[in-house]
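With chain A's structure known, arrange chain B on it following the hints.
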Amino acid sequence: MAVLEVQHLRKSFGTVQAVEDISFSVEAGEIFTIIGPNGAGKTTTLEMIEGLITPDAGHISFGGLNWGKHADAIRMKIGVQPQSSAMFDLLTPEENLDLFASFYPKSRPTEEILRMVNLTDHRKKKVKSLSGGQRQRLAIGLAMISDPDIIFLDEPTTGLDPQARRNIWDIVLALKDLGKTTILTTHYMEEAEKLSDRVCIVDQGRVVTLDTPAALIGRLTKEREVRLAFTGDNGAAAEAEQFVRDLGSVTRTEREGAALRLWSVQPEDTLYSLFGFTKERGYQVEQVSIREMSLEDVFIAFTGKEWRD
Amino acid sequence: MNYRKQFSNMFLAQLKMTFRERQTWFWGIFFPVILMVVFMVIFTGGSNDDFEAKVAVVDDSPNEMTRMMLEQIRNMSVFNIESGEPVSLEQAEEWVKEKDVDAAIVFSTSAESGTIRLIVNKEEERGADVQAVSGILDKMVQQVNLAAAGAAPVYELQFEAVSAGDDDLKYEDFLLTGMIALSVAQGGLFGMVGMVEMRRKGLLKRLRMTPARMGLFGLSDVVMRMIFGVFQVVILSLIGVFIFGATLHIHIASLVVCFLIGALTFSAMGYFISSFSKTMEAYMGIANILSFLMMFLSGVFFPLEMMPSWLQPVSHVLPLTYFVDGLRDSMVYAIGPVSADLWIGVGIMVLWGAAAFAIGSWIYRSKSIAATR
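Residue numbers (our numbering), protein chains in the order written: chain A, 1 to 309; chain B, 1001 to 1373.
Keep in mind the hints are simulated off the structure, nothing from the lab. We treat Cβ as the ideally placed atom computed from N, Cα and C, and that holds for glycine. Check before you lean on any hint, since a few could be wrong.
[What the hints assert, rightly or not] Capping the alpha-carbon separation at 30 Å, the derived lysine-lysine pairs in BS3-like fashion look like this:
1) K176(A) to K1201(B)
2) K1205(B) to K126(A)
3) K124(A) to K1201(B)
4) K194(A) to K176(A)
5) K1016(B) to K128(A)
6) K1205(B) to K77(A)
7) K1139(B) to K1005(B)
8) K1170(B) to K124(A)
9) K1097(B) to K1122(B)
10) K125(A) to K1016(B)
11) K125(A) to K1170(B)
12) K1201(B) to K1170(B)
13) K126(A) to K1170(B)
14) K124(A) to K69(A)
15) K1005(B) to K1170(B)
16) K1205(B) to K125(A)
17) K1097(B) to K1278(B)
18) K1278(B) to K128(A)
19) K1170(B) to K1016(B)
20) K1016(B) to K69(A)
21) K1278(B) to K126(A)
22) K1170(B) to K69(A)
23) K1016(B) to K1201(B)
24) K1005(B) to K128(A)
25) K1201(B) to K125(A)
26) K128(A) to K1205(B)
27) K1205(B) to K106(A)
[Stated by the list, open to error] Covered stretches of chain A, as calculated for chain B (at least 3 residues, CB under 8 Å):
28) 48 to 55
29) 65 to 76
30) 89 to 98
31) 215 to 226
[Said to hold, decoys possible] A few chain B residues that don't get close to chain A, going by computed Cβ distances all over 12 Å:
32) F1007
33) A1013
34) T1018
35) V1041
36) A1053
37) N1080
38) P1086
39) N1121
40) E1197
Isolated chain A (complex conformation):
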């Protein structure tokens, strides 16, 4: 069942067309990720869905509710963690949560939220003395305070160190276990690949593609890069290069000293034949790897733009 349906959204600011035509629907309980280069229209799209900006055209429906008629009902159903750390710096996490809780007719107990976002130990510290990761966790906690069905996380891990990032991932996955629907934007491909049920790539105000991470990667060309390093002199690598070139599955090779790179549409078969050859000749292979295709390759393939971390 779709909890959120977005149809043909369009928005321009003056002469700048921020969003051209964006449509998607989000299913209950999934983690739905929107990625795209800077200026692709992600934030504008989110702000239209969150009711902060009115679209020039298009429809937004939360299971039949829309902003025009049911603004307050929608505000009860959604929780938002905005990009900046929007909270009261002079209050403690506990006080921030209590204050936000008072805005809603029903809310989750502050205790429970503090535990979920792992801030129980810092509950009495002023927000301004918290670390970036702690603030970000509190921002997620604030988004959860009203026990909403749908949670928007706008780049929740930007600027955090790897450990803090993993802590946030755990929280996001815990939300999924609670049956919540999460709409996520991120700068990190690894994050999108790890967390998302479905990924929506947006560029120049349009949806470029939308599918599960695995399916998106699967849509890329079958050609894979294989790397090998031989022990001893360069002769073994040179002979191996000669050998694989004659295999039909190999499209291209590159060699630098004892290191060999080859591109194959059937990497497993290629390796099988290659190892038969090296064993026969008594060559030693020191390292071997097949490079995984990642969402990053998908992103580059679809948008033609390099990803920036």
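Coordinates of chain B only, in the frame set by chain A:
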């Protein structure tokens, strides 16, 4: 929707934030107290009542007249003749230039008629000491003239200070009420800087994504500011009365009216500044300019009448002028809320406040969220 719960929680949060913000205390309480102490000491505490001026006397051609005058100057306790004897003109001028003496009195008279010259340092020409010396000397010359003519003075001036109120307005009272008005006004003018910060951090936007009523949030802020203002009034009054000996005659009803309207007006002006300030620095700059202009043009430290007459119409437009007047009327003269002046002042403040609030709200609404991001 339980608005009471929202409001009480918002108010509690505002209370905590105000008490935790050191800047609030510094600028709201500590700074006005220091300013008041400085002004009190400069204008009242430091001056001693025994005025004494050092003078040099030049008497190049002594005669009976000059000897008589010299004798009189000697007998006056306010004059202290340098070196005790008349000196040469060059020596006297030298002393004046070096500021060793306040003035040089030069006799150039014959027994029948002549002039008395008073030489003073250009830098001190308008100083109080020089004015006093000149006044005393003038009086002395008149007496000498009368004596020479053999006449007795017909009229005599008796100096007595009166003021419009029930009691004499002492400078302590004047400054204290001025400082109270200034600090409450600054509280409002500077207090809305939080709005700029909240917008910059996206907190305003964040609150708008909740069912929280922004009007209630603003109200909780204003109520908090009022309570802080009451604190300011009480603390400054206590210091003024018990440390500087100010005397207050308070009319509670007019004080409450004047305080409420004034506090709201200046908060509205702060809100107006916040509506178009993108950064805290911009806000503080504008608030500082307004605050400084009004501080000196609204009769906080000295009466408006001391300003050049062409500048006075400006004062009669500024809201702080009326706030200061209103507080003085209700705290020093105990004028009840029946005075037309009070209501005219209140009316002008309301005009300022309403205009500032209306324009501020319009700017807040008309700027798209994308632009304020």
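Hints and how they fare:
1. Proximity of K176(A) to K1201(B) is assessed by CA-CA distance (about 28 Å); at most 30 Å being required, the pair is judged to hold.
2. Between K1205(B) and K126(A), the direct Cα distance comes to roughly 22 Å. Compliance with the 30 Å bound is thereby established for this hinted pair.
3. Taking the CA atoms of K124(A) and K1201(B), the gap is about 22 Å. The hint holds against a cut of 30 Å.
4. A hinted pair counts as satisfied when its Cα atoms are at most 30 Å apart, and K194(A) with K176(A) qualifies at roughly 13 Å.
5. For the hint pairing K1016(B) with K128(A), the CA-to-CA distance comes to about 14 Å; that is within 30 Å, so the pair holds.
6. This hinted pair checks out: K1205(B) and K77(A) have alpha carbons roughly 17 Å apart, not beyond 30 Å.
7. At roughly 75 Å between alpha-carbon atoms, K1139(B) and K1005(B) are farther apart than 30 Å, so this suggested pair is violated.
8. Of the supplied pair hints, the one linking K1170(B) and K124(A) is violated, its CA atoms being roughly 50 Å apart against a limit of 30 Å.
9. With a C-alpha separation of about 9 Å, the suggested pairing of K1097(B) with K1122(B) holds against the 30 Å cut-off.
10. Restraint check: the Cα-Cα separation between K125(A) and K1016(B) comes to about 13 Å, which is no more than 30 Å; the hinted pair holds.
11. At most 30 Å may separate the alpha-carbon atoms for a hinted pair to count; K125(A) and K1170(B) exceed this at roughly 49 Å.
12. At most 30 Å may separate the alpha-carbon atoms for a hinted pair to count; K1201(B) and K1170(B) exceed this at roughly 48 Å.
13. Of the pairs offered as hints, the one joining K126(A) and K1170(B) is violated, with about 47 Å between alpha carbons and a cut-off of 30 Å exceeded.
14. A threshold of 30 Å between alpha carbons decides the hint, and for K124(A) with K69(A) the separation of about 40 Å lies outside it, so the pair is violated.
15. The hinted pair formed by K1005(B) and K1170(B) fails the criterion: a straight-line CA distance of about 48 Å is larger than 30 Å.
16. Distance hint between K1205(B) and K125(A) is fulfilled; the C-alpha atoms sit about 24 Å from each other, no more than 30 Å.
17. Straight-line distance between C-alpha atoms of K1097(B) and K1278(B) comes to about 54 Å, which puts the hinted pair past the 30 Å bound.
18. Only pairs whose Cα atoms come within 30 Å are accepted, and K1278(B) paired with K128(A) is accepted, the gap being roughly 22 Å.
19. Of the supplied pair hints, the one linking K1170(B) and K1016(B) is violated, its CA atoms being roughly 39 Å apart against a limit of 30 Å.
20. With a CA separation close to 36 Å, the supplied pair K1016(B) and K69(A) exceeds the 30 Å bound.
21. Between K1278(B) and K126(A) the CA atoms are separated by roughly 26 Å; this keeps the pair inside 30 Å, and the hint holds.
22. The suggested pairing of K1170(B) with K69(A) is violated, with an alpha-carbon distance near 64 Å, which exceeds 30 Å.
23. A C-alpha spacing of about 20 Å is found between K1016(B) and K1201(B), which places the hinted pair at or below 30 Å, so the restraint holds.
24. Only pairs whose Cα atoms come within 30 Å are accepted, and K1005(B) paired with K128(A) is accepted, the gap being roughly 26 Å.
25. The hinted pair formed by K1201(B) and K125(A) meets the criterion: a straight-line CA distance of about 20 Å does not exceed 30 Å.
26. Straight-line distance between C-alpha atoms of K128(A) and K1205(B) comes to about 19 Å, which keeps the hinted pair within the 30 Å bound.
27. Between the alpha carbons of K1205(B) and K106(A) the distance comes to roughly 21 Å, so the proposed pair stays at or under 30 Å and holds.
28. For the stretch 48 to 55 of chain A, the stated coverage by chain B is satisfied: 4 residues place a CB nearer than 8 Å to a CB of that chain, which reaches the threshold of 3.
29. Chain B is given as covering the stretch 65 to 76 of chain A, and this holds because 3 residues of the stretch bring a CB closer than 8 Å to a CB of that chain, at least three being needed.
30. Coverage of the stretch 89 to 98 of chain A by chain B holds. Counting CB-CB distances below 8 Å, 4 residues qualify, and the rule asks for three or more.
31. Interface restraint, the stretch 215 to 226 of chain A with chain B: violated (0 residues with C-beta to C-beta distance below 8 Å; minimum three).
32. With a minimum CB-CB distance of about 9 Å to chain A, F1007(B) fails to clear the 12 Å threshold, and the non-interface call is violated.
33. A beta-carbon of chain A comes within 12 Å of the beta-carbon of A1013(B); the shortest separation is about 5 Å.
34. In this structure T1018(B) is not separated from chain A by more than 12 Å, as the shortest Cβ-Cβ distance comes to only about 9 Å.
35. Taking the minimum C-beta to C-beta distance to chain A, about 35 Å, the non-interface status of V1041(B) holds against the 12 Å cut.
36. Consistency note on A1053(B): stated as away from chain A, and its beta-carbon is indeed over 12 Å from all of that chain's, at 57 Å minimum.
37. Its beta-carbon lying about 60 Å from the closest one in chain A, N1080(B) satisfies the requirement of being farther than 12 Å from that chain.
38. No Cβ of chain A comes within 12 Å of the Cβ of P1086(B); the nearest lies about 72 Å off, and the non-interface call holds.
39. With a least beta-carbon separation of about 55 Å from chain A, N1121(B) lies farther than 12 Å from that chain, consistent with its non-interface assignment.
40. Distance check on E1197(B): its Cβ comes as close as 9 Å (rounded) to a Cβ of chain A, failing to clear the 12 Å threshold; non-interface status is violated.
Violation of the numbered hints given earlier is confined to hints 7, 8, 11, 12, 13, 14, 15, 17, 19, 20, 22, 31, 32, 33, 34 and 40; the remaining hints are satisfied by the structure.
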